[in-house]
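Engineer: Protein chains in written order, with numbering that gives the first Met the number 0: chain A, 0 to 153; chain B, 0 to 153; chain C, 0 to 153.
Hints may contain errors.
Claimed, not checked - With a cut-off of at most 30 Å between alpha-carbon atoms, the simulated DSS-like pairs for lysine-lysine come out as follows:
hint, chain 1, residue 1, chain 2, residue 2
1, C, 78, C, 50
2, A, 88, C, 88
3, C, 50, B, 50
Note that these hints are calculated values from the structure, not bench results.
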Amino acid sequence: MTDSVESRLAAAGHQLPTLGAPIAAYVPTVLAGDMLYISGQVCQADGAIIKGRLGEDMDVAAGMAAAQSCGLFLIAQMKAALGDLARVKRIVKLGAFINSTADFTQQPQVANGTSELMILAFGDAGRHARSAVGVPTLPLGAAVEVDAIVEVHR
Amino acid sequence: MTDSVESRLAAAGHQLPTLGAPIAAYVPTVLAGDMLYISGQVCQADGAIIKGRLGEDMDVAAGMAAAQSCGLFLIAQMKAALGDLARVKRIVKLGAFINSTADFTQQPQVANGTSELMILAFGDAGRHARSAVGVPTLPLGAAVEVDAIVEVHR
Amino acid sequence: MTDSVESRLAAAGHQLPTLGAPIAAYVPTVLAGDMLYISGQVCQADGAIIKGRLGEDMDVAAGMAAAQSCGLFLIAQMKAALGDLARVKRIVKLGAFINSTADFTQQPQVANGTSELMILAFGDAGRHARSAVGVPTLPLGAAVEVDAIVEVHR
């Protein structure tokens, strides 16, 4: 196998999703210097948004799975932008927004769905800074949205 | 005309707003290397905050207009920081926060009010990465707040 | 005294907190080039999360104190990552998330608790860009979470 990131993902049962067009007037990634900025990726499975709100109709395990799907889309965006995932030098920062009721406070556990995927895929280069906050609603009713900043090899 | 960005905006009926002082203990922009970080700009018209909440007392069209005003303030901040808008190399990332009820899910459409203005003003250099999320409330009751990261020519 | 930042803080009665491990699968800081990205720091005092929601069970003064504790943790993370706070060149950007009811709109005043501490500690180098938004809930019930981007001397 030529791409160790994808082979690690495949060994864990993950496959990179097919990317659609952004749902609005922006682009999925911008490379500025050696930093790749990735637009917020909403959770999706089988081509449909994973809808839900933590503390209401989605439990932590389902939230983590939703967050994991955001991570797969982030990695798919890296591949689309860079051509080769070996160009990823470091996952620098994730911004995780968790659709939450006012009394749900386990955003860190949910966001771990994305974070643990990054470490699985990239090893130490996947260890990132992060913020995780609750929000009352997300685009299209999505349960989780995560954006990212990635340092790349030129 | 010496500034093509402002002439494009003027041709579309837009005028850059006059900037006031930040409402708190921070500065509107910081230039670090060739990246300009712009503080969150709340929507304003005629010197007053545009108040409202999507899904409650403001519809998508009004939300887009509010978001557009955030964009005009972002561009005015770029001009104040850089002197000449020709120094804008790329709009890299927008972070859009939309004052929303829990059942409003069209944050992308609202945020397009800012995004489309950036493309109008800067063309391909205005195409940016973006996150757009709902929030339950914003400073001074504003409907929309948008911050930005901009790559500049030194 | 060898560290003027810490001596300024001490003169104002502040002491840098002891850092615990992150509560999830991420790291507290990532240095990419000359930019240090710091994970969201939740407010803490005496080793416990400061819980609360502005507009409900916490007033602006208590919110500012909570935000100030986030600032102390941000500075402690800078010291842990850089070894010497004299390597801080500029506080570039703060992202402040304030646990708020839907009718609380004084997020800027609350976030000033962090911002004013940065100016106290670093002087003009502490003057930063910022966004401050309301959120309905935060990890572990925290009242305030703030992340940061800091430019460093190599």
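Engineer: Hint by hint, which ones does the structure fall short of?
Structural biologist: none
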